[in-house]
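Peer 1: Residues per chain are reported as follows:
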Amino acid sequence: MSEQTGKQLSKEEKDARFEAELLPVLDPLYNFAYRLTLDEDDANDLVQETYLKAYRFFDYFEQGTNAKAWLFRILKNSFINEFRKKSKQPAKVDYSEVEGYYNSDDVEGEGGVATTTDMRTESVQDLIGDEVASALNALPVDFRTVIILCDLEGFTYEEMAKILDIPIGTVRSRLHRARNSLKEKLEKYAKSMGYNS
Amino acid sequence: MESKFTEAAHQKLSEDGHESECDKIAHLLDLMIDGEASTEEQSYFNTHIEECVPCFESHQKQKLLKGLVSGHLKRVIVPESLALSIKARIQETV
Ligand SMILES: [Zn+2]
Numbered sequence: 001m002s003e004q005t006g007k008q009l010s011k012e013e014k015d016a017r018f019e020a021e022l023l024p025v026l027d028p029l030y031n032f033a034y035r036l037t038l039d040e041d042d043a044n045d046l047v048q049e050t051y052l053k054a055y056r057f058f059d060y061f062e063q064g065t066n067a068k069a070w071l072f073r074i075l076k077n078s079f080i081n082e083f084r085k086k087s088k089q090p091a092k093v094d095y096s097e098v099e100g101y102y103n104s105d106d107v108e109g110e111g112g113v114a115t116t117t118d119m120r121t122e123s124v125q126d127l128i129g130d131e132v133a134s135a136l137n138a139l140p141v142d143f144r145t146v147i148i149l150c151d152l153e154g155f156t157y158e159e160m161a162k163i164l165d166i167p168i169g170t171v172r173s174r175l176h177r178a179r180n181s182l183k184e185k186l187e188k189y190a191k192s193m194g195y196n197s
Numbered sequence: 001m002e003s004k005f006t007e008a009a010h011q012k013l014s015e016d017g018h019e020s021e022c023d024k025i026a027h028l029l030d031l032m033i034d035g036e037a038s039t040e041e042q043s044y045f046n047t048h049i050e051e052c053v054p055c056f057e058s059h060q061k062q063k064l065l066k067g068l069v070s071g072h073l074k075r076v077i078v079p080e081s082l083a084l085s086i087k088a089r090i091q092e093t094v
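As given, the protein sequences belong to chains Y and C, one line each in that order. The letter at position 26 of the first sequence is residue 26 when you use our numbering, and the numbering goes up by one with no holes. The letter at position 32 of the second sequence is residue 32 when you use our numbering, and the numbering goes up by one with no holes.
These are calculated hints, taken from the structure and not from any lab test. Warning: the hint list may mix true and false statements.
Said to hold, decoys possible - Each computed SDA-like pair below joins lysine to any residue, with the alpha-carbon atoms no more than 25 Å apart: (1) Y:K191 / C:G71; (2) Y:K185 / Y:D142; (3) Y:K11 / Y:I80; (4) C:K24 / Y:K11; (5) Y:K191 / C:S81; (6) C:K74 / Y:E62; (7) Y:K14 / Y:S78; (8) Y:K162 / Y:K11; (9) Y:K188 / C:A88; (10) C:K61 / Y:A138; (11) Y:K53 / Y:E40; (12) Y:K14 / Y:I80; (13) Y:K185 / Y:E153; (14) C:K87 / Y:K188; (15) Y:K53 / Y:D41; (16) Y:K14 / Y:E40; (17) Y:K53 / C:S81; (18) Y:K11 / C:A88; (19) C:K66 / C:K87; (20) C:K74 / Y:A16; (21) C:K87 / Y:T156; (22) Y:K188 / Y:P167.
For clarity, every value in this text was computed on a predicted model and none was experimentally measured.
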């Protein structure tokens with residue numbers, strides 16, 4: 001593969017630059033992969049595949065541009081194109097079920113604010129960590145993705161639009177629906193714990 | 001209970017066809033908590049929630065929800081071997 005254009009970098013130089021610019025993203029990237037696949041081995045494979053692809057296309061990567069968004073985009077594409085099909089995820093979460101339900105596109109009315117549970121501070125303390133994770137994991141992957149990108153990784157809507165190849169308007173509406181479902185799941189939990197309003 | 005009552009009243013407004021301020025506010029909620037609202041949107045929003053309890057509460061809830069993910073979702077630890085195997089595989093790539 002000879003994609004050496006313009007300035008000729010030796011392989012050592014290229015590798016060093018690659019590592020310096022892209023390896024710092026490893027932690028968020030692995031976390032993203034894990035939240036998509038819900039499996040450590042799968043996340044591992046997906047991240048490796050992402051870096052290998054990034055290496056192959058590294059000459060097209062403009063130095064100083066958003067390396068994190070670029071890698072997230074590659075990873076998300078790998079996940080969709082190859083990984084999702086062959087992914088072995090029988091026991092964990094039954095996506096088909098949740099997806100079938102949510103794909104009806106209308107989770108709850110626009111601006112529904114159907115928040116009936118009083119999420120008081122004390123109840124919130126108890127919901128932490130594992131509960132947030134299991135509520136999030138129970139969401140369809142598209143919903144999970146926007147929440148991770150926005151709330152965990154702090155990407156802007158514009159960056160998310162690029163990562164996901166969708167218009168900003170779609171980012172906004174998907175995020176809105178994703179949050180409504182997440183809210184619903186967390187409230188169910190809050191209720192089951194007796195934090196009924 | 002009180003808040004349920006006001007919420008119902010507040011949704012009724014929009015059914016009447018008033019493009020109510022509260023509807024506009026609802027559309028700005030995510031922009032506000034994500035720091036994506038313009039200066040005008042921000043001041044419009046802030047002025048409204050100063051006097052509208054349901055919208056104020058929705059804003060609090062939305063912030064809370066975002067905070068649950070950003071502040072409480074545990075990060076998984078990257079296996080140490082991963083960076084090494086990436087480097088190794090890159091080095092053997094021509
Ligand atoms: Zn209002």
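Peer 1: Which numbered hints are broken by the structure, listed smallest first?
Peer 2: Violated hints: 3, 4, 5, 6, 8, 9, 12, 14, 16, 19, 20, 21, 22; rest satisfied.
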